[in-house]
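Q: Under UniProt numbering, the sequence shown has 202 at position 202, and the numbering climbs by one with no breaks.
No wet-lab data here; the hints were simulated from the structure.
There are no misleading hints in this set.
Subject to a maximum C-alpha distance of 30 Å in a straight line, what follows is the list of computed DSS-like cross-link-like pairs (lysine-lysine):
no.: 1; residue 1: K71; residue 2: K336
no.: 2; residue 1: K290; residue 2: K252
no.: 3; residue 1: K196; residue 2: K209
no.: 4; residue 1: K163; residue 2: K47
no.: 5; residue 1: K163; residue 2: K209
no.: 6; residue 1: K290; residue 2: K71
no.: 7; residue 1: K196; residue 2: K336
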Amino acid sequence: MVRKSKLPSGPKAKPVKPSKTTKGAVVKETPVTPPAPPTVSTELQQKSLNIFRDALDPSSEDSNTTLQEVKGHLFNRDFAAAFGKEEYLRVYAGRWSPSRALGYTQILLDVQDLIASGKSDVDDDEEPPFRVLCIGGGAGAELVALATWASLEDTPFPRLQAKFLDIAAWGPVVTALHDAVTNAPPLSQYASAAAKEANEPLLLPDAFKVTFQQQDALEITDNEHCQQFFGSNDLITMMFTLNELYSTSLAKTQQMLARVTASCRPGTILLVVDSPGSYSTVSMNGAEKKYPMQWLLDFTLIGPPKKDLGGAEGSVKWEKLLEDESRWYRLPPGLKYPIELENMRYQIHIYRRLGASAVVET
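Using the sequences and the accompanying hints, generate a full structural model.
A: This is the structure in structure tokens:
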């Protein structure tokens with residue numbers, strides 16, 4: 001049986017009683033300091049890093065040489081070349097995905113109550129797995145983050161079913177990381193009997209099922225495939241993906257978001273994380289203007305209220321639950337990994353799909 005990792009909670013502040021005052025004086029209550037938000041333990045974050053280390057072997061000499069080639073292609077913005085070989089993909093995932101996986105895990109923990117708010121009530125004796133679609137999630141950061149999140153003792157979703165949709169051929173990387181998540185980590189042949197007995201996978205295979213589909217999300221246009229990919233999910237994520245899609249084609253990205261809206265069920269949560277200050281250029285009447293990514297996203301999903309022919313307010317498709325234009329995930333001290341890790345600064349936006357009867361409140 002896999003032991004669930006306990007979730008450390010911040011110290012609970014004791015209420016401070018107001019001080020007694022003389023008659024006629026203003027009584028001021030000392031504000032109570034709220035408890036610190038929960039964090040992922042350093043031990044569990046190290047386990048996440050070990051999964052990347054064991055699955056992708058980022059410290060090999062061949063990896064170091066290949067990493068320099070990948071960096072060169074990325075510097076030249078030649079993404080087709082950077083993601084065109086299997087060895088490039090493994091090296092990329094071993095270099096950049098671990099830091100993001102740690103950041104994504106903390107994000108999921110921070111917003112898990114909002115994520116849980118969209119889950120439908122089920123009467124079954126056994127609750128079905130929580131279904132996640134990660135658009136642009138082939139590099140493995142989302143996979144390891146979801147697994148780490150699900151391993152927490154207090155997670156609301158102990159069983160996950162995740163689909164990873166990406167334009168590059170990340171299948172072998174997804175398989176390698178999933179195997180490392182659901183199998184006990186390798187031990188030295190000299191490991192003690194106690195160490196062998198305590199050696200367990202992060203999650204059991206039945207608790208975490210994954211599939212990968214190599215597909216350009218912007219080219220999923222027919223209704224059947226839209227339902228296949230975008231329908232029946234509890235959570236859809238776009239982690240450092242949306243602005244890249246906007247850069248590829250703003251019009252196609254807006255159309256894709258419209259298809260996501262049309263296909264997903266009420267209650268679906270959309271989680272968007274990206275670089276702060278991301279802008280996209282829009283050409284209108286021969287003039288170009290830059291718009292913040294979050295403005296384009298809000299305009300597409302929420303838009304300004306519109307009135308139909310009868311004068312009633314137009315229906316609203318999404319409700320925005322959270323917006324923050326700049327946050328930090330900072331690495332705790334003491335983590336070990338063969339390659340240097342990095343802190344992560346990001347913007348975050350969370351939406352919940354509403355039912356057909358939802359209207360704008362005036």
